[in-house]
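Chain residues, written in single-letter form:
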Amino acid sequence: MSTFSIVSGRRLLIAAVFAACFVSGPAVAGMLQDTIARYTAEVTSADKGFTGFSAERGRMLFFSRPATGKPDTPSCTSCHSDSPVTVGQTRAGKEIAPMALSRTPDRYTESKKLAKWFRRNCKSVLGRVCTAMEKGDFLTFMATQ
Amino acid sequence: MLVKSIVTLAVAATVLSSFMAQADERYRPVDDKVVIEECGACHMAFQPQMLPKKSWIKIMDGLSNHFGEDASLDEKAVSHIKKYHVEHAADSGWKDGKFMRGLSDSSAPLRITETPYWVREHRKEVPDWAWNDPTVKSKANCIACHKRGNQGDYDDD
Chain Y
47 MSTFSIVSGR
57 RLLIAAVFAA
67 CFVSGPAVAG
77 MLQDTIARYT
87 AEVTSADKGF
97 TGFSAERGRM
107 LFFSRPATGK
117 PDTPSCTSCH
127 SDSPVTVGQT
137 RAGKEIAPMA
147 LSRTPDRYTE
157 SKKLAKWFRR
167 NCKSVLGRVC
177 TAMEKGDFLT
187 FMATQ
Chain C
1209 MLVKSIVTLA
1219 VAATVLSSFM
1229 AQADERYRPV
1239 DDKVVIEECG
1249 ACHMAFQPQM
1259 LPKKSWIKIM
1269 DGLSNHFGED
1279 ASLDEKAVSH
1289 IKKYHVEHAA
1299 DSGWKDGKFM
1309 RGLSDSSAPL
1319 RITETPYWVR
1329 EHRKEVPDWA
1339 WNDPTVKSKA
1349 NCIACHKRGN
1359 QGDYDDD
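Here the protein sequences come in this chain order: Y and C.
Each residue of the first sequence is one higher than the one before, starting from 47 at the first, in my numbering.
Each residue of the second sequence is one higher than the one before, starting from 1209 at the first, in my numbering.
Simulated from the structure, these hints should not be mistaken for laboratory data.
Careful, some of the hints might be misleading.
Unchecked claim - With a straight-line cut-off of 30 Å between C-alpha atoms, the simulated BS3-like cross-links for lysine-lysine are:
#, chain 1, residue 1, chain 2, residue 2
1, Y, Lys-158, C, Lys-1291
2, Y, Lys-159, C, Lys-1266
3, C, Lys-1345, Y, Lys-116
4, Y, Lys-140, C, Lys-1345
5, Y, Lys-140, C, Lys-1290
What the hints assert, rightly or not - In silico negatives: residues of chain Y with every beta carbon more than 10 Å from chain C:
#, residue
6, Thr-81
7, Ile-82
8, Arg-84
9, Tyr-85
10, Val-89
11, Asp-93
12, Gly-95
13, Phe-96
14, Gly-98
15, Ala-101
16, Arg-103
17, Phe-108
18, Pro-112
19, Pro-144
20, Pro-151
21, Arg-153
This structure is a prediction, so every number in the text was calculated from the model and none was measured.
For glycine and all other residues, C-beta sits at the position ideal for the given N, C-alpha and C.
Please model the complete structure; the sequences and the hints are all you need to start from.
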């Protein structure tokens, strides 16, 4: 192997490591983990016995049909499709990127945006705001998908 | 002879251009970042020229129940989006836009699809099967058929 190819190989590796730092799954998941940590702190402050969020409870929330909010949106799946890994559709016909972190890695990166959608969609589907427990469970489930 | 053909040409051009003006379904593309981001999150960011000022004000004041969904936004975003829509509404210019046709001064429809102009433009041309197509889903999904609707271009019908 010539010196040149070793050098360019090293450069490539450095570039790849740099790129990975900015766009890799773990970095994005890290932001989601920060958000989950915030909800953990919120729940723990009220419930000292809290043992952590549950992806299973999050799954049940996603697939439940509470129908206690607005009539056109009885469940999360009304717009987000029957699977977190497939594309959904708004009532106005616009595509919604899948909810699963693995499919839409940049979905849970902006806390302001996250708060906005929880506020709106919990009102639309449940008719009330979601608890920190529900939000944490939901995100924990989506992080595993 | 030359004069005659020039006159003929000019008359033809005038007649033709007036017809073209009738067929011209172009609207100023939405060029506001907040509007594109917030309105466009759930549906195409409809051009403000498609409803009168009164309608937009009513819509922006009722976002907590926006056609059956909570679409509420913070106050800053609401007033920004409202201002943009009022400034570019169907009745904002020196001359009313097409979407004011058949609307009285007091009427403020909440849906573009309820304006007499929209109804007239779609009544005969669009068959029921097209509206019932699951990929269309809603009459609010303009770009299902008007592929360049996002750019304000509805000349494809």
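Now for the hints, and whether the structure bears them out:
1. Among the hinted pairs, Lys-158(Y) with Lys-1291(C) is consistent with the structure: their alpha-carbon atoms are about 23 Å apart, no more than 30 Å.
2. Taking the CA atoms of Lys-159(Y) and Lys-1266(C), the gap is about 25 Å. The hint holds against a cut of 30 Å.
3. At most 30 Å may separate the alpha-carbon atoms for a hinted pair to count; Lys-1345(C) and Lys-116(Y) meet this at roughly 19 Å.
4. Using a Cα cut-off of 30 Å, the hinted pair Lys-140(Y) and Lys-1345(C) holds, with the two alpha carbons roughly 9 Å apart.
5. Between Lys-140(Y) and Lys-1290(C), the direct Cα distance comes to roughly 22 Å. Compliance with the 30 Å bound is thereby established for this hinted pair.
6. Once the 10 Å rule is applied to beta carbons, Thr-81(Y) is consistent with being away from chain C; the minimum gap is 19 Å.
7. Separation of Ile-82(Y) from chain C is adequate, the least Cβ-Cβ distance of about 23 Å exceeding the 10 Å criterion.
8. Look at Arg-84(Y): its CB is around 20 Å from the nearest CB on chain C, clear of 10 Å, so calling it non-interface holds up.
9. Annotated as non-interface, Tyr-85(Y) keeps its C-beta farther than 10 Å from every C-beta of chain C; the closest such distance is 21 Å.
10. At roughly 24 Å, the least C-beta separation between Val-89(Y) and chain C is larger than 10 Å, which holds for a residue marked as non-interface.
11. No Cβ of chain C comes within 10 Å of the Cβ of Asp-93(Y); the nearest lies about 28 Å off, and the non-interface call holds.
12. Distance check on Gly-95(Y): its Cβ is at least 33 Å (rounded) from any Cβ of chain C, clearing the 10 Å threshold; non-interface status holds.
13. In this structure Phe-96(Y) is separated from chain C by more than 10 Å, as the shortest Cβ-Cβ distance comes to about 28 Å.
14. Under the 10 Å C-beta cut-off, the non-interface status given to Gly-98(Y) relative to chain C holds; the minimum distance is some 29 Å.
15. No Cβ of chain C approaches the Cβ of Ala-101(Y) within 10 Å, the least distance being about 26 Å, so the stated non-interface status holds.
16. Distance to chain C confirms Arg-103(Y) as a non-interface residue, since its nearest Cβ pair spans about 23 Å, more than 10 Å.
17. Against chain C, the non-interface label of Phe-108(Y) holds: every CB pair exceeds 10 Å, the least being about 18 Å.
18. With a cut of 10 Å on Cβ distances, Pro-112(Y) stays outside the contact zone with chain C, its closest approach being about 14 Å.
19. Every C-beta of chain C lies more than 10 Å from that of Pro-144(Y), the closest at about 16 Å, which supports listing it as non-interface.
20. Separation of Pro-151(Y) from chain C is adequate, the least Cβ-Cβ distance of about 18 Å exceeding the 10 Å criterion.
21. For Arg-153(Y), the shortest C-beta to C-beta distance to chain C comes to about 12 Å, beyond the 10 Å cut-off, and the non-interface label holds.
In summary, the structure agrees with every hint in the numbered list given earlier.
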